[in-house]
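Produce the entire structure from the sequences given, and follow the hints as far as they go.
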Amino acid sequence: MAGMSFLVDTSRCTACRGCQIACKNWNQNGAGMTKNLGTHQNPPDLDGNTFKLVRFSEHLKDGKPVWYFFADQCRHCIEPPCKDAIQGYVDGGVIHDEETGAVVYTEKTKGVPVDEVRASCPYDIPRAKDDGTVVKCTMCIDRVRNGLKPACVKVCPTGAMNFGTRDEMMALAQERLAALKGKFPKAQLLDPDDVRTLYLVTDDPALYHPYAVAGVRPGISRKLALRKLFFAPARNVAKGLRMG
Amino acid sequence: MKLTRRDFLKISSAATAGLALGGCTTMGFNMQPVQEQAWRLRTQDAKETPTICCYCAVGCGIICHTDNRSGKVIYTEGDADHPINGGALCAKGAAAYQIARNEKRITKVLYRAPYSSRWEEKSWDWAIKEIAKRVKASRDKSFTVKNAKGQVVNRCDGIASVGSAALDNEECWIYQAMLRAMGLVYIEHQARI
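Sequences listed follow chains B and U, in order. Here full-length UniProt numbering is used: position 121 in the first sequence is 121, and no number is missing along the way. Here full-length UniProt numbering is used: position 91 in the second sequence is 91, and no number is missing along the way.
Keep in mind that the hints were calculated from the coordinates and are not lab data. The C-beta atom is built at its ideal place from N, Cα and C for all residues, glycine as well. Worth double-checking, as some hints may not be accurate.
Label-pair restraints from in silico Cβ distances [unchecked claim]:
id: 1; chain 1: B; residue 1: Lys186; chain 2: U; residue 2: Asn169; range: 43 to 49 Å
id: 2; chain 1: B; residue 1: Gly38; chain 2: U; residue 2: Trp126; range: 40 to 46 Å
id: 3; chain 1: B; residue 1: Thr158; chain 2: U; residue 2: Ile99; range: 46 to 52 Å
id: 4; chain 1: B; residue 1: Thr34; chain 2: U; residue 2: Gly163; range: 41 to 47 Å
id: 5; chain 1: B; residue 1: Thr106; chain 2: U; residue 2: Leu41; range: 49 to 55 Å
id: 6; chain 1: U; residue 1: Arg134; chain 2: B; residue 2: Lys64; range: 35 to 41 Å
id: 7; chain 1: U; residue 1: Asp81; chain 2: B; residue 2: Thr158; range: 18 to 24 Å
Facing chain B, from chain U, some residues (calculated, C-beta under 7 Å) [to be verified]:
id: 8; residue: Gly78
id: 9; residue: Gly87
id: 10; residue: Ala91
id: 11; residue: Ala100
id: 12; residue: Tyr111
id: 13; residue: Tyr115
So, in structure tokens, the structure goes:
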């Protein structure tokens, strides 16, 4: 439960999208197709080349416009449901790193149906590359295990993106929350006990992004649940017999 | 019944499977040993060169990582020791890598003539002479020696200069000296925009 965590302080985000580009730069992900949908949010959604996306949303509040930024990425769940979903199809598709708590997909996810993995994610994060590999944010595990901060955190000019041990980030999150509560009564942390990417928002999370918090839709499909129950143990039996 | 070690293993794994089937799902999944993986930094052996971002007037420090064997830029990121940005960058600075590595980068002078719908390749010699020619023509056309009150002003009203973010102090001085010599009064530096 220790390990590392992010704190995304949306009150400090200016939506410069440095994190989005730094992520692409480190992970060597190319450009995705952009489309003008009337906001600066581009590419319009996460994709096989975009693990990190700054989401823009505009609302009218008491007749005044508000503009919210949400630097969306994998939450690195403490108990990642996507791990079960992928393990139902292939062994070794997900590494749940013990030291950091990072949830990292491997190349073995190639061919695993991305819709099922996506459906298992409460935050709608996983996407597939063109070759069928399921991908998402890796917590820059290679950087973090070598003492560096994730690319998106290193690049952030405003202090919106933070990274450190879970205790440090929790403490910083509580400090920032207390500081913001006065001005923004609705300020809150999103699912802080379940995830390693702690989002601090100043208003109703639904105004930021429909998947900002978990729990809107059912976790995994019935088909996937059955697969989990029967197929994976069946494979273990087969493995045991082969060993003999 | 004689139980060999092999049989024992077979039975125990089947029993585990049974447990999982019995509804204790997590036991069915966490069977694998923890996968040990060596996470190697892809910039591990790269040569690090400090540079300055070429875009706006802030002048953020960037570290350029160059592969020792190929001599190619493999990664760029903010310079944590730089007093201006302390490692941070905006989206443009974060994409600095593409200044060196981008197949869509234009490497030759492209010229579109007035009313033309296509670009044509030109040489630098041609481009610089052409720019000088047109600046001179505009300047001569819009040069005002005396204003409405008959005072000598010697100014050029037809050209303005905006930009020069990536120039240093001394370069900016030479640049504005040239502009003032031509009589320009609309001179603005990007740092004020």
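Can you name, in rising order, the numbers of the hints this structure does not satisfy? 3, 4, 5, 6, 11, 12 and 13
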